[in-house]
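Participant: Sequence:
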Amino acid sequence: MDHETRSDIEPGSSAADAREALHAAEASPVPVPWTEPPPRRSPGAGEATCPVCLERIAAGVSLCPECGEPADAPRRPATAPSIPDAPKDASWLALHWRPLVTIGAILGLICTGGALRYLAPHRFAPSRAASPVAPPAPVCGAPCWSGESCQLGRCVWQRPNNVGHLSDAPSVLGPFSLPKDALDALPLDRDRFVVALSAGLEVRSSRTGEALSLLTEAPHVRRLHRVGDVVYATAPSRIYVIDAATTRLLKTIELGEAVGDIQVGASGRRALASLPAAHAVAILATEYHAEIERIQFGDDAVGPVAVDDSGSRAITTTGQLPLPGQREPSGGVAYPFDPSRLGSEQDRVRTSMVGNPASALMIPDGSAGFVALRAENTLVPLTWLPSGAVRQEARITTCREPEQLELVRSDRRAIVRCNEGRAIQVLDLSKRELLRAVTFPGRALDMAVAPDGAQAVVALSGDGTGSVAMVDLKSYAAKIHPLGGEPTRIRLAPDGGSALALGDRAKVAWVLQ
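Take 80 as the starting number for the sequence shown in this note's numbering and just add one per residue.
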């Protein structure tokens, strides 16, 4: 209600008259210009304040003419505000201490970080250029052999655990007399060795040479071959499988023919047994000891066998070592074949080699092989072509009568044993050249390489006596140990810590530990 309308109302008029006047003023079409209200003053005599709208009204009216509420309504109690007002006597610091503390904490954290940065070691050292990213480790170009690992771009041979070799001055036990029908002997461990007899397999003590037991279930054994944890004892028409720990007969593999040579692959899952009379090679599964395939080679009586690590490439030859006084065979044939394929799927590759191929060796990766021609005093390298054919490379001249090839995985070498040459020669398989030759005072009749690749043990003959030579394959130094008899065969224990020297003519045995 404006000032003019309020002044037209008599002070003594009733509330009804006031409302009528108010309605009439609101219904008037004449616009009322806005004017600034006068300043409010405290009520004088005859005036009161509406408890609801706080306007000045006449004293004694029952309804407020401004808001229409009862003028005699009780006043609302004053409540405390949600945010209390600051005390009147509060200082500026009391009102602003919280933001000051927050700002001080932030500044203290920043100053602490700056101080630690300033006091850091080598803070004022000249900046060095960022080191370049190390190049990736080189990768070996060719696959590594079994027992090797790729280190800095080179395949490095890792010596197996729990194997070694004989000492330079081993203790010699014996000679131990053997029965006259003894044909072969093989060490089982450091304490026992087994002898092949017509009546069975006789187990003897390595310390005293006394017989410990006799396995009569394996009669007429001619040769003994170590195949993992078992021994393959070959008989005229079968192979006896003997447990090396208990010397118990596990199984008999019927082949129907006499076995000439047995070679075991690097994985130990397959063994190749040549059958000269059957002109074939039998593939044996060493997991369950059974023949799984037989590969025929026409009319050629094959003998020595060599196989690579993968078991997919092998060589067999028709060569043989003549007995003393027997004529040297002049001819010879080498057959490369794939043991992993069936006999009906073999590629018949026949390589003629005149000169009695007495021994063969396969490089573990299967890329090449070597055949020793005993009558020609040479080595014939064989290279596999992508088409599957085999090519003869330039021959390598060796010492006289090379009879045995043994692989030395450390440094990728091979050892050639020469009977009449009275020496062994070291062959570099990568360069295909002879590195060193170690000569002996007698004929080299047999050889064995230690499982750690550090030593070669050679049986030597003499004028009624014999000896054993220990050749260090690092320095190529040889030490001769006389035996008092002539050894014709050398057999090493699986760990390389002991050896057995067998004299076929005198039927005696020596144990070296």
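Honestly, the hints are just simulated from the structure, not real lab data.
A few of these clues could be false.
Cβ pair distances, simulated, as ranges [as the list claims (entries may be wrong)]:
1) P298 to G347: 24 to 30 Å
2) A278 to K558: 55 to 61 Å
3) P561 to R301: 28 to 34 Å
4) R511 to E424: 46 to 52 Å
5) P178 to T128: 40 to 46 Å
6) S141 to R177: 17 to 23 Å
7) P465 to L421: 20 to 26 Å
8) P222 to G404: 43 to 49 Å
9) L464 to T287: 28 to 34 Å
10) P200 to G347: 23 to 29 Å
Owing to the predicted nature of the structure, the values given are computational and were not obtained by experimental measurement.
Note that CB positions come from ideal geometry on N, CA and C, so glycine has one too.
Participant: Hint by hint, note whether the structure agrees.
Facilitator: Each hint tested on the structure:
1. P298 to G347: 24 to 30 Å: holds (27 Å)
2. A278 to K558: 55 to 61 Å: For K558 against A278, whose Cβ atoms are near 38 Å apart, the range 55 to 61 Å is violated.
3. P561 to R301: 28 to 34 Å: Holds - the Cβ-Cβ distance for P561 and R301, about 29 Å, lies within 28 to 34 Å.
4. R511 to E424: 46 to 52 Å: violated (31 Å)
5. P178 to T128: 40 to 46 Å: holds (42 Å)
6. S141 to R177: 17 to 23 Å: violated (52 Å)
7. P465 to L421: 20 to 26 Å: holds (22 Å)
8. P222 to G404: 43 to 49 Å: For P222 and G404 the Cβ distance comes to about 47 Å; the hint holds.
9. L464 to T287: 28 to 34 Å: violated (56 Å)
10. P200 to G347: 23 to 29 Å: Check failed, 58 Å falls outside 23 to 29 Å.
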